[in-house]
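Protein chains in written order, with this note's numbering: chain R, 1 to 355; chain F, 1001 to 1355.
Among these hints, one or two may not hold up.
[To be verified] Here are the simulated BS3-like pairs of lysine-lysine, each with C-alpha atoms no more than 30 Å apart in a straight line:
| id | chain 1 | residue 1 | chain 2 | residue 2 |
| --- | --- | --- | --- | --- |
| 1 | F | Lys1063 | F | Lys1199 |
| 2 | R | Lys192 | F | Lys1303 |
| 3 | R | Lys219 | F | Lys1303 |
| 4 | R | Lys342 | R | Lys70 |
| 5 | F | Lys1219 | F | Lys1342 |
| 6 | R | Lys192 | R | Lys342 |
| 7 | F | Lys1303 | F | Lys1289 |
| 8 | F | Lys1063 | R | Lys303 |
| 9 | R | Lys303 | F | Lys1342 |
| 10 | F | Lys1289 | F | Lys1070 |
| 11 | R | Lys342 | R | Lys303 |
[Unchecked claim] Which chain R residues face chain F? A few, computed with CB under 7 Å, are given here:
| id | residue |
| --- | --- |
| 12 | Val153 |
| 13 | Leu179 |
| 14 | Leu277 |
| 15 | Arg281 |
| 16 | Glu298 |
Since the hints were derived computationally from the structure, they do not count as laboratory data. In this text, a Cβ means the ideal position worked out from N, Cα and C, and glycines have one as well.
Number of protein chains: 2
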Amino acid sequence: MNDAVSARVPIAAIRSLIEDSLERAGLPREGAAVCGRLMGEADLTGADAHGVFRLPQYVRRLKAGGFNPKPNITVNRSAPATALVDGDNAMGHLVMSRAAETAIAIARESGVSWVGVRRSNHAGPAGLYAEMPAAAGMIGIYAAVANANHMAVWGGADPLLGTNPLAIGVPSGEGPMVLDMATTVVSYGTVKNYALQGKPLQPGWMVNTATGADIVDAKRAAEGLLLPIGGYKGSGLAVMLGLIAGPLNRAVFGRDVVDFNADDASETNTGHFMLALDIARFLPLDDYKAEVDRHVRELKASKRLPGVDEIRMPGERRLACRDDRLRNGVPLAPALVAQLDKLAAELGIKPLAMR
Amino acid sequence: MNDAVSARVPIAAIRSLIEDSLERAGLPREGAAVCGRLMGEADLTGADAHGVFRLPQYVRRLKAGGFNPKPNITVNRSAPATALVDGDNAMGHLVMSRAAETAIAIARESGVSWVGVRRSNHAGPAGLYAEMPAAAGMIGIYAAVANANHMAVWGGADPLLGTNPLAIGVPSGEGPMVLDMATTVVSYGTVKNYALQGKPLQPGWMVNTATGADIVDAKRAAEGLLLPIGGYKGSGLAVMLGLIAGPLNRAVFGRDVVDFNADDASETNTGHFMLALDIARFLPLDDYKAEVDRHVRELKASKRLPGVDEIRMPGERRLACRDDRLRNGVPLAPALVAQLDKLAAELGIKPLAMR
């Protein structure tokens, strides 16, 4: 998306479009509202590939029977500090909100909690779910098996791994500080964006699986796969997170992953996990926040490399983006607005501009 | 260390040298035996910078009062599923073994456990502690604040971050499968090794903090710092793991880290954390192992990039190394053997060759 030619749309308009669309596509109002809130958070925080951009796909999937619009999401408390959530193929946002609430509630009792999730779906940016415990005075850790395989295992040429993201949230005096990272160097969305803009990819982003060479021409992305951060390390991290978010919950991983961009109807059986850790069991929350704040100050004030104008902490750009977009609206590319207008017409609801 | 000119030393000889040395330096026999076992594991599994290589430094530190040889390690069960271990400035191996046992025992009751650790010390390779829950049929996760700062925060030029390692272990049919990764692209040990061998560093490994350029001449390593995997991602990961392993346990992080290579006497107040998750609370352990094995087979048998002769899983090289070294001995460079002989002479104990 190119900000220069994008209109700024108020977040309230985006959220109401999401809610009405999902409701028309079969979701009860309450569930649609949760999705509107969380997808709107993605738009606010700059996770542009995870917000309203996904709405046409989600509606298509609801209509194709790929999501269960009236799910019975169940929580099985499998041990004093663990639970397994079965999403009954609901939209991922609904499943993961339930999982996050469960994780926070159990951690309040037990100090720490681990919630595995199965039969879920794409749930938007990882940071959303690591942020929830952090907002509740806890450490939050979240990971997932991604819904499409755009990476090979290190040395491999078959698309058997996803970008399997990891997010970690800690509270600070300025609010939750959230790291949200894919295990690939860049996302597939970034590659598509470079292709649109005719910009060359950087070496180390993608490998041509036939030749083993870096792909720099973004238009040739289809000939290759994304590369992991740190070579075998990022590949290993994607494997381990995947084995814990997937098979531990009897959810998919590897060759079993359903590419939800290519298939609107099949159940994806997406797996996630999340952890919440209650800081107050280790030291008073305010003491911890004060220490985080001190370290952040020291890191931010440290000497910079030549040409670097500011040192940023994990999630800092995310928060600045949220402030700006809450005030000034979310930039949406004209092509996306056109797509959303078409969707609104098909569903017989008001377009963005009338909200 | 250069294998070509290295002698192969039986692991039993290495372990007995470690035990006798640490005992002479003031450690009770039982503690020395635990350190010998764990440092020996580092040597066996190819973590050459964490095994007997560290012995002279540890002995120096014991003599300088930097370690407490007769510690009172305490475990405070802070919640049903959490504990905080105070290492009383013991050798890190002793503190972390206790923490790992605690984590496994609590997870057996609660399904998951989180054990924070403070007032510990350098404990050798991260993989050791993620492996322990995996050997007990659990998922293990371990991280630490490293004992020296060789990295800057992303964009920075001050050494405020360590290689802060992350290790994850899962059980498989072939035994624990362990990912052990630093958040830097390479370790400082690798850089020193390249300098010894006169080999150039690869771009992306180290940055010259005055110019911002890559350092390729390993002899100029002192002019720069290690770079994180995935740029801002690895830096963010080092920060978040550090804030959870350090300040959450009232242990050091960032500017407060004591460089234990330069200072033998000051208490380091090293922080770690570990998690154990009992697989049986999610599905039968054998079912999980079978799924891990199936995915590993599929990944290993997948199509390879040109020139790649084998796809390796996390920890595979580690296990192969262990098999080889258990049978054929651990290769020790002549310079290291000389150093250990000198140490043995100083302590009045038998040298390696007589064990």
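Against the structure, the hints:
1. F:Lys1063 <-> F:Lys1199: Outside the cut-off at roughly 36 Å; violated.
2. R:Lys192 <-> F:Lys1303: Holds. Lys192 (chain R) to Lys1303 (chain F) sits at ~25 Å (cutoff 30 Å).
3. R:Lys219 <-> F:Lys1303: Given pair Lys219 (chain R), Lys1303 (chain F) holds - Cα atoms ~23 Å apart, limit 30 Å.
4. R:Lys342 <-> R:Lys70: 26 Å, holds
5. F:Lys1219 <-> F:Lys1342: Distance of about 27 Å is within 30 Å: holds.
6. R:Lys192 <-> R:Lys342: The hint holds at about 22 Å.
7. F:Lys1303 <-> F:Lys1289: 24 Å, holds
8. F:Lys1063 <-> R:Lys303: 36 Å, violated
9. R:Lys303 <-> F:Lys1342: 42 Å, violated
10. F:Lys1289 <-> F:Lys1070: 41 Å, violated
11. R:Lys342 <-> R:Lys303: 51 Å, violated
12. Val153: 5 Å, holds
13. Leu179: Holds: closest Cβ of chain F sits about 4 Å from Leu179 (chain R), inside 7 Å.
14. Leu277: 6 Å, holds
15. Arg281: 4 Å, holds
16. Glu298: Since the shortest Cβ distance to chain F is 5 Å, the answer is holds.
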